[in-house]
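Given the coordinates of chain A, assemble chain B onto it according to the supplied hints.
Here are the chains, one letter per residue:
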Amino acid sequence: MVRKNVDISSNVKLEGRAIWTLSADGNNKVYGETTRKKRGDVWRRWDPYRSKLGAAILRTKKDPAILFPSPGSTVVYLGAAHGTTISHIHDHLCGKNNKFSGRLISVDISPRCLRDLNHLAVRRPGIIPVFGDARKLESWSYLVPKGADWLFQDVSQAGQVDIFITACKRFLRPNSTALLSLKGASERFNEGGDQAIFLETNEKLLNSGIKIVESIELSGFEEQHMLFHCVI
Amino acid sequence: MKLWQDWQAAAVIDENFEILEVEYCKRSLNKEQVAKRLNLLSSGVLLEEARHLQQRYPEAILVDSGDEFLENVELPYPDDERMKILDEAALILSKQNVDDSASDPDRRLEHLIRASDELRSSWVLLEARLIEWVVLLLPRARMEEDRNRLAKIIISSETISDLANHFNVTPPNIPPSESEWQVIKKWAESVASLQSQLDRIESAVRELSLEHLPSLSAIAGPLIAAKLCVAAHGRMRLARLPAGTVQILGAEKAFFSHLKQGTKPPKHGLIYSHVFISRSPKPVRGRISRMLAARMSLAARIDAFNGTSWGDEEFRLIEEKVEKIRKQYFDSKKR
Numbered sequence: 001m002v003r004k005n006v007d008i009s010s011n012v013k014l015e016g017r018a019i020w021t022l023s024a025d026g027n028n029k030v031y032g033e034t035t036r037k038k039r040g041d042v043w044r045r046w047d048p049y050r051s052k053l054g055a056a057i058l059r060t061k062k063d064p065a066i067l068f069p070s071p072g073s074t075v076v077y078l079g080a081a082h083g084t085t086i087s088h089i090h091d092h093l094c095g096k097n098n099k100f101s102g103r104l105i106s107v108d109i110s111p112r113c114l115r116d117l118n119h120l121a122v123r124r125p126g127i128i129p130v131f132g133d134a135r136k137l138e139s140w141s142y143l144v145p146k147g148a149d150w151l152f153q154d155v156s157q158a159g160q161v162d163i164f165i166t167a168c169k170r171f172l173r174p175n176s177t178a179l180l181s182l183k184g185a186s187e188r189f190n191e192g193g194d195q196a197i198f199l200e201t202n203e204k205l206l207n208s209g210i211k212i213v214e215s216i217e218l219s220g221f222e223e224q225h226m227l228f229h230c231v232i
Numbered sequence: 001m002k003l004w005q006d007w008q009a010a011a012v013i014d015e016n017f018e019i020l021e022v023e024y025c026k027r028s029l030n031k032e033q034v035a036k037r038l039n040l041l042s043s044g045v046l047l048e049e050a051r052h053l054q055q056r057y058p059e060a061i062l063v064d065s066g067d068e069f070l071e072n073v074e075l076p077y078p079d080d081e082r083m084k085i086l087d088e089a090a091l092i093l094s095k096q097n098v099d100d101s102a103s104d105p106d107r108r109l110e111h112l113i114r115a116s117d118e119l120r121s122s123w124v125l126l127e128a129r130l131i132e133w134v135v136l137l138l139p140r141a142r143m144e145e146d147r148n149r150l151a152k153i154i155i156s157s158e159t160i161s162d163l164a165n166h167f168n169v170t171p172p173n174i175p176p177s178e179s180e181w182q183v184i185k186k187w188a189e190s191v192a193s194l195q196s197q198l199d200r201i202e203s204a205v206r207e208l209s210l211e212h213l214p215s216l217s218a219i220a221g222p223l224i225a226a227k228l229c230v231a232a233h234g235r236m237r238l239a240r241l242p243a244g245t246v247q248i249l250g251a252e253k254a255f256f257s258h259l260k261q262g263t264k265p266p267k268h269g270l271i272y273s274h275v276f277i278s279r280s281p282k283p284v285r286g287r288i289s290r291m292l293a294a295r296m297s298l299a300a301r302i303d304a305f306n307g308t309s310w311g312d313e314e315f316r317l318i319e320e321k322v323e324k325i326r327k328q329y330f331d332s333k334k335r
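If you're matching them up, the sequences are chains A and B in order. 232 is the number that my numbering gives the last residue of the first sequence; the numbers go up by one with no jumps. 335 is the number that my numbering gives the last residue of the second sequence; the numbers go up by one with no jumps.
Just chain A, same shape as in the assembly (with noise of 0.2 angstroms):
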């Protein structure tokens, strides 16, 4: 499907099928990805091969703008790997020295990616690395004591719905935005293959009286994911 030119941030916009955010660190790159100069601004695409919400706002069949976070809010993002779209969400959230204030708290288990995160959150103030477990919500989240408005979650664990719905409850101001990336082949194996198992979190998801806005097919992009388009 292509679209026209829609700018769905001062940060973001969207030319056809291509993402791009303005950079809040100027010429650096964050993982090898394309970068142009426009009036003296740089604008870094968005990877969607490389980044499940970057797949999902290509994908998604309502207005891309509802899946981001307002800027200058707080967020949890649970499964920071190295940063990929951490460093996104970070440029549309927090601008550059994070002029909007936000908080991106980005958790996540792995010393290695956290590694990379540290030296992410130097030169992005408004990231916030966490080195713990997303099913141990109560060892850091009295980084997040007034709640958040958007919580973003890729873990791909068996019983990630329920490591989502615990966060969710915990963390989620009423009306906020929450994703699930959800990975089949991580659950436990069900006969029904990968349907079975997003029609089960479907389920899990509404009886837990989480709303589903969409549930976003990733095929294409990335194989065997779904993205769950939640609000509390």
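Check the hints yourself; a few may be wrong.
Said to hold, decoys possible - With a straight-line cut-off of 16 angstroms between C-alpha atoms, the simulated EDC-like cross-links for lysine to aspartate or glutamate are: (1) A:Lys99 to A:Asp25; (2) B:Lys2 to B:Glu49; (3) A:Lys146 to B:Glu49; (4) A:Lys136 to B:Asp64; (5) A:Lys146 to B:Glu81; (6) A:Lys146 to B:Asp80; (7) A:Lys146 to B:Asp67; (8) B:Lys260 to A:Glu191; (9) A:Lys146 to B:Glu74; (10) A:Lys169 to B:Asp64; (11) A:Lys146 to B:Glu68; (12) A:Lys61 to A:Glu214; (13) A:Lys146 to B:Asp87; (14) B:Lys185 to B:Glu202; (15) A:Lys169 to B:Glu71; (16) A:Lys136 to B:Asp67; (17) A:Lys169 to A:Asp149; (18) B:Lys152 to B:Asp162; (19) A:Lys169 to B:Glu68; (20) A:Lys146 to B:Glu71; (21) B:Lys2 to B:Asp67; (22) A:Lys136 to A:Asp149; (23) A:Lys169 to B:Asp87; (24) A:Lys96 to A:Asp41.
To be verified - Quick list of simulated restraints, FRET-style, between CB atoms: (25) B:Asp100 to A:Leu199: 36 to 46 angstroms; (26) A:Glu15 to B:Ser196: 27 to 37 angstroms; (27) B:Gln55 to A:Lys61: 53 to 63 angstroms; (28) B:Lys321 to A:Thr166: 46 to 56 angstroms; (29) B:Tyr24 to A:Arg173: 23 to 33 angstroms; (30) A:Ile66 to B:Pro58: 23 to 33 angstroms; (31) A:Asn202 to B:Ser273: 43 to 53 angstroms; (32) A:Glu15 to B:Ser257: 46 to 56 angstroms; (33) A:Asp63 to B:Glu71: 27 to 37 angstroms; (34) A:Ser186 to B:Ser257: 18 to 28 angstroms; (35) B:Asp199 to A:Glu214: 58 to 68 angstroms; (36) B:Tyr24 to A:Ser186: 54 to 64 angstroms; (37) A:Glu214 to B:Glu207: 55 to 65 angstroms; (38) A:Asp63 to B:Glu211: 58 to 68 angstroms.
Source of the hints: derived by calculation from the structure; they are not laboratory data. Ideal placement from N, C-alpha and C gives every residue a C-beta, glycine not left out.
Okay, now just chain B, sitting in the frame of chain A:
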């Protein structure tokens, strides 16, 4: 009555969701101090403020910060200025955590074991080519006895005739040109250097493994101990695995084909290379590996939870037990 704390304040709350008393940290905190407090907080320790309140209200019970009870309470959350310090402290804490993980012997052992696996697979490849190469040039040479030293012999030979003399055969009618011979010699040099690097890795593994897993090393040997620890993703996880899993660690392919296709289950995984198993007759290997895995699992637990290390005495007991199993269940005269 409940007691609540975060990194800069503590509060006592009664059953009607009313806050009875709040104590803030009055000192101005810098980011290093906050990082220290956060570290304590995540290990569940009562901070200074909470301790004071606890003294005054001994009946108050500490609640988890995500408790549903707290939803209706106006808690003394940090102000904007303190939130800023918190963010800086979080970065410091995260850096410290990454630093701490570097001193984790599990991760160092993992690198060593993986390095030795990678090196060994390339060494096997290069060494096999060297043998085939020399056999092609000197088809009559018998090198079964000298196989381990072949690389060194080639390095010390000036020409192909020297090498032929060493094996007491005639050099080839059309000898390789000087440049070709140099290629073979350099090849032998890289085989020899890989071999010595492999030895170095193994002695490093031994050293680390004896220190990190003393009991397991005592009964399984340091190399198997290290491999088990890496296969289980760490000493603590190895200690928590049931003995049945320890028995088949490293035989995942056979095990899952057993689960999915109904083939025979594997009797042993990595522990197969233990002499008690590989040198036992086939019919009793299953019994012995079951017993051995149980002992190894115990030993891993001793190592992980700082028990008194096992030594030669335990090894001797296991040896006796292996002997007993062999005698009881395997009769060599019957076959």
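Results of checking the hints against the structure:
1. A:Lys99 to A:Asp25: holds, 12 angstroms
2. B:Lys2 to B:Glu49: holds, 14 angstroms
3. A:Lys146 to B:Glu49: violated, 20 angstroms
4. A:Lys136 to B:Asp64: holds, 12 angstroms
5. A:Lys146 to B:Glu81: holds, 14 angstroms
6. A:Lys146 to B:Asp80: Measuring from Cα to Cα gives roughly 11 angstroms; hence the hint holds.
7. A:Lys146 to B:Asp67: Holds. Lys146 (chain A) to Asp67 (chain B) sits at ~14 angstroms (cutoff 16 angstroms).
8. B:Lys260 to A:Glu191: holds, 13 angstroms
9. A:Lys146 to B:Glu74: holds, 11 angstroms
10. A:Lys169 to B:Asp64: Cα-Cα ~14 angstroms, so holds.
11. A:Lys146 to B:Glu68: holds, 14 angstroms
12. A:Lys61 to A:Glu214: Holds, because 9 angstroms separates the two Cα atoms, which is no more than 16 angstroms.
13. A:Lys146 to B:Asp87: With Cα atoms ~14 angstroms apart, Lys146 (chain A) and Asp87 (chain B) stay inside 16 angstroms; holds.
14. B:Lys185 to B:Glu202: violated, 26 angstroms
15. A:Lys169 to B:Glu71: The hint holds at about 11 angstroms.
16. A:Lys136 to B:Asp67: holds, 13 angstroms
17. A:Lys169 to A:Asp149: holds, 12 angstroms
18. B:Lys152 to B:Asp162: Distance ~13 angstroms between Lys152 (chain B) and Asp162 (chain B) Cα, so the pair holds.
19. A:Lys169 to B:Glu68: holds, 10 angstroms
20. A:Lys146 to B:Glu71: At roughly 11 angstroms apart (the allowed maximum being 16 angstroms), Glu71 (chain B) and Lys146 (chain A) satisfy the hint.
21. B:Lys2 to B:Asp67: Answer holds: Lys2 (chain B) to Asp67 (chain B) is near 11 angstroms, not above 16 angstroms.
22. A:Lys136 to A:Asp149: With a Cα-Cα distance of about 20 angstroms, the restraint between Lys136 (chain A) and Asp149 (chain A) is violated, given a limit of 16 angstroms.
23. A:Lys169 to B:Asp87: violated, 23 angstroms
24. A:Lys96 to A:Asp41: holds, 11 angstroms
25. B:Asp100 to A:Leu199: 36 to 46 angstroms: Given a distance of about 42 angstroms, which is inside 36 to 46 angstroms, the answer is holds.
26. A:Glu15 to B:Ser196: 27 to 37 angstroms: violated, 57 angstroms
27. B:Gln55 to A:Lys61: 53 to 63 angstroms: Given about 60 angstroms between the Cβ atoms, the range holds.
28. B:Lys321 to A:Thr166: 46 to 56 angstroms: Distance hint for Lys321 (chain B), Thr166 (chain A) holds at roughly 47 angstroms.
29. B:Tyr24 to A:Arg173: 23 to 33 angstroms: holds, 25 angstroms
30. A:Ile66 to B:Pro58: 23 to 33 angstroms: At roughly 51 angstroms between Cβ atoms, Pro58 (chain B) and Ile66 (chain A) fall outside 23 to 33 angstroms, so the hint is violated.
31. A:Asn202 to B:Ser273: 43 to 53 angstroms: holds, 48 angstroms
32. A:Glu15 to B:Ser257: 46 to 56 angstroms: holds, 50 angstroms
33. A:Asp63 to B:Glu71: 27 to 37 angstroms: For Glu71 (chain B) against Asp63 (chain A), whose Cβ atoms are near 32 angstroms apart, the range 27 to 37 angstroms holds.
34. A:Ser186 to B:Ser257: 18 to 28 angstroms: With Cβ atoms ~21 angstroms apart, the hint holds.
35. B:Asp199 to A:Glu214: 58 to 68 angstroms: holds, 59 angstroms
36. B:Tyr24 to A:Ser186: 54 to 64 angstroms: violated, 43 angstroms
37. A:Glu214 to B:Glu207: 55 to 65 angstroms: Check passed, 56 angstroms falls within 55 to 65 angstroms.
38. A:Asp63 to B:Glu211: 58 to 68 angstroms: Given about 59 angstroms between the Cβ atoms, the range holds.
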